[in-house]
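For reference, the chains in residue letters:
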Amino acid sequence: MSRHRFVVSIMPKPGILDPQGRAVEQSLPHLDVRGVSDVRVGRRVELTIEATDIVAARAVVERLAAEVFANPIIETWDVAPASIVVASPSVAVG
Amino acid sequence: MRVGVVVFPGSNCDRDTLHAATLAGAEAVPLWHERPDLDGADVVVLPGGFAYGDYLRAGVLARFSPIMAAVREHASAGGLVLGICNGFQVLAEAGLVPGALRRNATLRFEHRWVRLTVERTDSPFTRAIPPDHRLRLPIAHGEGSYYLPHDELDVLEARGGVLFRYAAPEGNPNGSARDIAGVVDVGGRVCGLMPHPERASEALLGSDDGMLVLRSIVESVAIAGRAAVVA
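Protein chains in written order, with our numbering: chain A, 1 to 94; chain B, 1001 to 1231.
You may find that some hints are simply not true.
[Unchecked claim] With a straight-line Cα cutoff of 20 Å, these simulated DMTMM-like cross-link-like pairs (lysine to aspartate or glutamate) come out:
#1 LYS13(A) <-> GLU25(A)
#2 LYS13(A) <-> GLU50(A)
#3 LYS13(A) <-> GLU1152(B)
#4 LYS13(A) <-> ASP1151(B)
#5 LYS13(A) <-> ASP53(A)
#6 LYS13(A) <-> GLU75(A)
Because the hints were derived from the structure by calculation, they are not lab data.
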């Protein structure tokens, strides 16, 4: 078994109104920032998973992304392996 | 006739719903979300609130509560299920009713009185509503904008899956597709409704139109029970 870290990026589907992105965009002029458009706000989920190999690990993450992290009706997602090596959690002493 | 009201961590309309179901003539019992059964309930209501703090997405984590397996089984056996507001979001995330509830197009949490047209009164959720009567119910949600792709909306409409629509004078409060406020599943036994019938259960509250929905459910179960006895 090995441990693998993944990043899942979730975004509202193209063409679907993203009120969060719009709210952010509309507030930018208050910062005197102009010329910003098409702001869209998504979510990022990071996780570590233990599996026989990275292919098996990725399959589980893909399933979690489709069934939990994203709602396929309104969102798209992308699963990517993270390059960092994950150390075992350290145990606090004392 | 027993109505079970599921209590998730973060539900906050469960007591109002128990009260309203009692007023409608049912024996109303709370069902903690960790129990594996429905305690003999004839009807299950998923109440409003913020189950699991609405973390990740409204309704998505509640869908994994132990009781949801029993709710799914109840629905597939033809039992009645009503999801109100957050309960609608849970049903949608669980795939028990079609569609998704997005953030309101208004960019705001909307809490106000709305008017609803009732698209059909031959449903277990609407049978006690007089023809052409428009319901006056309150809403209180941040993610209530109903969404389905266009072609699936056509399918939903063609099969009579839309039960309630936002109507004038207040109109559509959240940008819902085709003004949809409430839908039923393919079998017509599972209903998701964004406005709160339990908050309009006595005239003192400003409207008792919500009782028409709850009485419809109680009547439907009573009629089904009598039919079963005759058979």
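Discussion item. Of all the hints numbered above, which does this structure not satisfy? Sort the numbers upward.
Written reply: Hint check: 2 and 5 fail, others pass.
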